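J.: Chain by chain, the residues:
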Amino acid sequence: MNGARVEFRGLRRRFGSTVALDGLDLTVEPGELLALLGPSGCGKTTALRCLAGFEHPDEGEILVDGADITRVPANRRDAGMVFQSYSLFPNLNARDNVSFGMRVRKVPAAKRHARAQELLELVGLPSVGDRYPHQLSGGQQQRVALARALALEPRVLLLDEPLSALDAKVRVTLREEIRRLQLSLGITTIFVTHDQEEALSMADRVAVLRDGRLEQVADPATLYDRPATPFVAEFVGAMNHLPGLVSGDRVTVLGQTLPVEGRAPATAEADVLVRPEAVLVTPDSEGDGIVMVSSFRGSTARLRVRLGDGTEVLADVPGHDSARFAPGTAVRVGLVERPVLVSARSEPGAAAAVPEPDVV
Amino acid sequence: MASLTPQVTTPAGSAPARGGRPRRPRVWRGVVLVIAAVYFLVPLIASFVFTVKAPNQGFSLDAYGKIFSAEGFGGSLLLSLGLGIATIVLVLLLTLPAAVAVRLGAPRLRPVLEVVCTLPLVVPPITFVAGISTVLRWGPDYLASTPFYQTIIAVQNPDFPVVLVLAYVVLALPFAYRSLDAGLGAIDVRTLSEAARNLGASWPHVLLRVIIPNMRSAMASASFLTLALVLGEFTIARLLSFETFPNWIYRISGSQAQVSVAVSVFSLLITWLLLLALSSAGARQRSGV
Amino acid sequence: MRDSRTGSKSRWAAAPLLAFVVIVFGVPMLVLLGGTFTKEGTFSTANLTESLQGAYLTALLGSVKISALVAVLGAVLGTFLAQAVVTSRFRALREAVLTASGVLANFGGVPLAFAWIATLGNSGVVTTTLGLGDYGWSLYNFWGLTLVYLYFSIPLQVLTVVPALDGLRPQWREAAQNNGASTWQFWRYVGIPVLTPALLGGAVLLFGGAFSAYATAQAMVGSTVPLVTLKIADALTGNVLIGHENVALALSLDMIVVAGLVMAVYLPLQRRSARWLR
Numbered sequence: 001m002n003g004a005r006v007e008f009r010g011l012r013r014r015f016g017s018t019v020a021l022d023g024l025d026l027t028v029e030p031g032e033l034l035a036l037l038g039p040s041g042c043g044k045t046t047a048l049r050c051l052a053g054f055e056h057p058d059e060g061e062i063l064v065d066g067a068d069i070t071r072v073p074a075n076r077r078d079a080g081m082v083f084q085s086y087s088l089f090p091n092l093n094a095r096d097n098v099s100f101g102m103r104v105r106k107v108p109a110a111k112r113h114a115r116a117q118e119l120l121e122l123v124g125l126p127s128v129g130d131r132y133p134h135q136l137s138g139g140q141q142q143r144v145a146l147a148r149a150l151a152l153e154p155r156v157l158l159l160d161e162p163l164s165a166l167d168a169k170v171r172v173t174l175r176e177e178i179r180r181l182q183l184s185l186g187i188t189t190i191f192v193t194h195d196q197e198e199a200l201s202m203a204d205r206v207a208v209l210r211d212g213r214l215e216q217v218a219d220p221a222t223l224y225d226r227p228a229t230p231f232v233a234e235f236v237g238a239m240n241h242l243p244g245l246v247s248g249d250r251v252t253v254l255g256q257t258l259p260v261e262g263r264a265p266a267t268a269e270a271d272v273l274v275r276p277e278a279v280l281v282t283p284d285s286e287g288d289g290i291v292m293v294s295s296f297r298g299s300t301a302r303l304r305v306r307l308g309d310g311t312e313v314l315a316d317v318p319g320h321d322s323a324r325f326a327p328g329t330a331v332r333v334g335l336v337e338r339p340v341l342v343s344a345r346s347e348p349g350a351a352a353a354v355p356e357p358d359v360v
Numbered sequence: 361m362a363s364l365t366p367q368v369t370t371p372a373g374s375a376p377a378r379g380g381r382p383r384r385p386r387v388w389r390g391v392v393l394v395i396a397a398v399y400f401l402v403p404l405i406a407s408f409v410f411t412v413k414a415p416n417q418g419f420s421l422d423a424y425g426k427i428f429s430a431e432g433f434g435g436s437l438l439l440s441l442g443l444g445i446a447t448i449v450l451v452l453l454l455t456l457p458a459a460v461a462v463r464l465g466a467p468r469l470r471p472v473l474e475v476v477c478t479l480p481l482v483v484p485p486i487t488f489v490a491g492i493s494t495v496l497r498w499g500p501d502y503l504a505s506t507p508f509y510q511t512i513i514a515v516q517n518p519d520f521p522v523v524l525v526l527a528y529v530v531l532a533l534p535f536a537y538r539s540l541d542a543g544l545g546a547i548d549v550r551t552l553s554e555a556a557r558n559l560g561a562s563w564p565h566v567l568l569r570v571i572i573p574n575m576r577s578a579m580a581s582a583s584f585l586t587l588a589l590v591l592g593e594f595t596i597a598r599l600l601s602f603e604t605f606p607n608w609i610y611r612i613s614g615s616q617a618q619v620s621v622a623v624s625v626f627s628l629l630i631t632w633l634l635l636l637a638l639s640s641a642g643a644r645q646r647s648g649v
Numbered sequence: 650m651r652d653s654r655t656g657s658k659s660r661w662a663a664a665p666l667l668a669f670v671v672i673v674f675g676v677p678m679l680v681l682l683g684g685t686f687t688k689e690g691t692f693s694t695a696n697l698t699e700s701l702q703g704a705y706l707t708a709l710l711g712s713v714k715i716s717a718l719v720a721v722l723g724a725v726l727g728t729f730l731a732q733a734v735v736t737s738r739f740r741a742l743r744e745a746v747l748t749a750s751g752v753l754a755n756f757g758g759v760p761l762a763f764a765w766i767a768t769l770g771n772s773g774v775v776t777t778t779l780g781l782g783d784y785g786w787s788l789y790n791f792w793g794l795t796l797v798y799l800y801f802s803i804p805l806q807v808l809t810v811v812p813a814l815d816g817l818r819p820q821w822r823e824a825a826q827n828n829g830a831s832t833w834q835f836w837r838y839v840g841i842p843v844l845t846p847a848l849l850g851g852a853v854l855l856f857g858g859a860f861s862a863y864a865t866a867q868a869m870v871g872s873t874v875p876l877v878t879l880k881i882a883d884a885l886t887g888n889v890l891i892g893h894e895n896v897a898l899a900l901s902l903d904m905i906v907v908a909g910l911v912m913a914v915y916l917p918l919q920r921r922s923a924r925w926l927r
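Residue numbers (this note's numbering), protein chains in the order written: chain A, 1 to 360; chain B, 361 to 649; chain C, 650 to 927.
Quick caveat, the hints were computed from the structure, so don't treat them as lab data. Computed from a prediction, not measured in an experiment: that's the story for all the values here. All clues given are correct.
What follows is a set of in silico ranges between Cβ atoms, one per label pair, in the way DEER data are often shown:
hint : chain 1 : residue 1 : chain 2 : residue 2 : range
1    : A       : A114      : C       : T694      : 57 to 65 Å
2    : C       : S772      : B       : Q516      : 37 to 45 Å
3    : C       : T694      : B       : K413      : 50 to 58 Å
4    : C       : P819      : A       : T267      : 44 to 52 Å
5    : B       : I445      : C       : S772      : 33 to 41 Å
6    : A       : E59       : C       : W833      : 29 to 37 Å
7    : C       : L926      : B       : I445      : 36 to 44 Å
8    : A       : A109      : C       : F739      : 39 to 47 Å
9    : C       : P819      : B       : I405      : 33 to 41 Å
10   : B       : P573      : A       : G328      : 50 to 58 Å
11   : B       : I395      : C       : V671      : 41 to 49 Å
12   : A       : A114      : C       : P819      : 30 to 38 Å
We put the CB at the ideal spot given by N, CA and C, even for glycine.
Sequences are here, hints too, so could you generate the full structure?
T.: Here it is, written out as structure tokens:
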């Protein structure tokens, strides 16, 4: 089994007055796992459904290994799909669900059952073949759905938020397992998710979508460290917007002068984008900041610190240190010495603290 | 398994224009809906046309006017309404406490009540009335010397045949019980009654002041269903020879075809109104007003 | 425990209902049973034998035949109508059809018969307008009665099957397509099996409704179509032969047995078709 190259070219799709896809151009390399990331309504699911054949683009085309499949009916496409939830046929047991596609293709019963058993073993469920979907846990159901999607040895695997209905713990195990399987099979995989942590931890590359357009596509580290647009910076991880003064290729922020990463904006006043983990806080009774809120997350604690001038800053400290940063503690705030991203001030004078959108 | 993608290409001409949405389902849906509309609407329209078509004048609403002046109309309608109200009262008195009991304290009674409330659906009404008429016929012979004799005579009083009420209660039980049970399920009667008991209310007080006020719409729906059933019931009344409203329609049909069809249209309208009232009561309940 | 404390007391709340059913329903049923096996004061199976012979048997079979036909036709046609409504994008259409079904499913008895007589009877509006009489059309036969019974059976099936159709998730169809299934294969392997319990349940309801229908048949066809309910009514009212009241009881028992047999076939089928639900 080898992966195919998938190309989306100028894909447009509107539903009534809402534009789901607004000229999406994206290429997925053979054998890679690409995550489509974005808020709900950004068009990521529509893109996937166009590839599966459940939606039809108004304009543009979809190529698999160079062949235009835009008009191929859904039941003749070479792409296995795993749905968000409840997609197993309730009247068939796990084995028959997995072998459904082979039954449709008139594969003899003995052969397809043997193959289904193989696939169930592949997804770590060797002994559930006789169970009906409602007798399986949510995680097991999604594993069976994965086995079913792989049964016909497709060259593209489509995952439509397959983990979003599962418990946090199952979610993490299953995503590792999906990744392991995908690597061993070498199958081109497109994974739709709104969970940035999921996207960053699993994907070879992450494509961030917004309003039906591609914002940025890059490997997770690049996406996190060097977001191409403020939207990506906001959406992937938490980000502080701190007021800074640019001069040349350096910027002064919170009393420190740091080198500017990439291009500096033309104006002197700018927003400096800093990740919470790049903010250093130390308890100091003489310090300028006061801890307002501290939320403990186990390995880290995220603090919301208010500075003397009213600016709020998010900062991560190690979890075992969190006792030292109870709300009300006076702290000194600094930044890690390394190049920072600077963007033009969007709303002059606006408080820079970022509301926490999707932080885990 | 071979990959299928590259081989399959759709002929350019057959590709649907924009959006590529399949057209076929809409066609069969339209055909089905049109046939259904013809089948279900034509008899209604034709009935109405039949009643307003006068031999010489072309159009006349006389048939509807004649309904009210026809002999026996008022009496039979009043009888059916009276029977309906008596049936509603009795069926609610019997089923409400039982339904509450099953929810609150005796869940083991549930299967018993389920069976009791399914039997009248499985056993055809005509067999039920065969049994009843036999009891009424034999009863006097065996019970002549006991007070039951008087009872048997009394329940057959043609002015108000109690025996019909008893029979209708049996027929209405399944519907009444189901709708009350559903209503109780919707209000979490256990929490409500425990809260009331905790505040010192007695059981009758709980039933009257806490449960019933919260059950108004379920009781209304049980009552409407019962009323519709009684107003339309023909078999039992006819075989026991009481002239209820449906029996009256049947009797006059021989002499006045137009009037009897007019009454049929009229009674369909009544059913419509009852069910509309029912569904709007249900809607009010859902919206929590 | 709550149950031990209030259970015994609250059980009495159901006592009046149970007592009522035992007396008002149970006694007539016992008398029915007793009367069936009594002839001239002694135990006898003569009534039962007679009820399964000649015209009585014909009537019983006629009832079974029309009920089975109505059940099958009504279940199939009702499901098609329900599917057309469920997949429609017009919410108002759905509401209208469901409300109308609620009304029409209860539209039985004498008024229904008259509505059809006024439409397709010998001097009905459609009959005279289209001149159907010249083609030998008559409503007063087996097929005419079937047509009329379907008028309340199809809406009943719509009401029964719509929740099941709503329960068919779009993912199932998409997953089937994704696995290479055509529309027909989706229905063959997934759609119809998932709907089967609801379809069977609906068909049994339809059978029961047609089997026990009396008013419509009496008002419409009188005795031209042999039906067991008409025979029972005739025998009970002494319409045909005096002294056949106990044959009416035997016929009633036959009906109950048929209804019981239908349930005996239905319940295991239902259990089998719904085995994936448990």
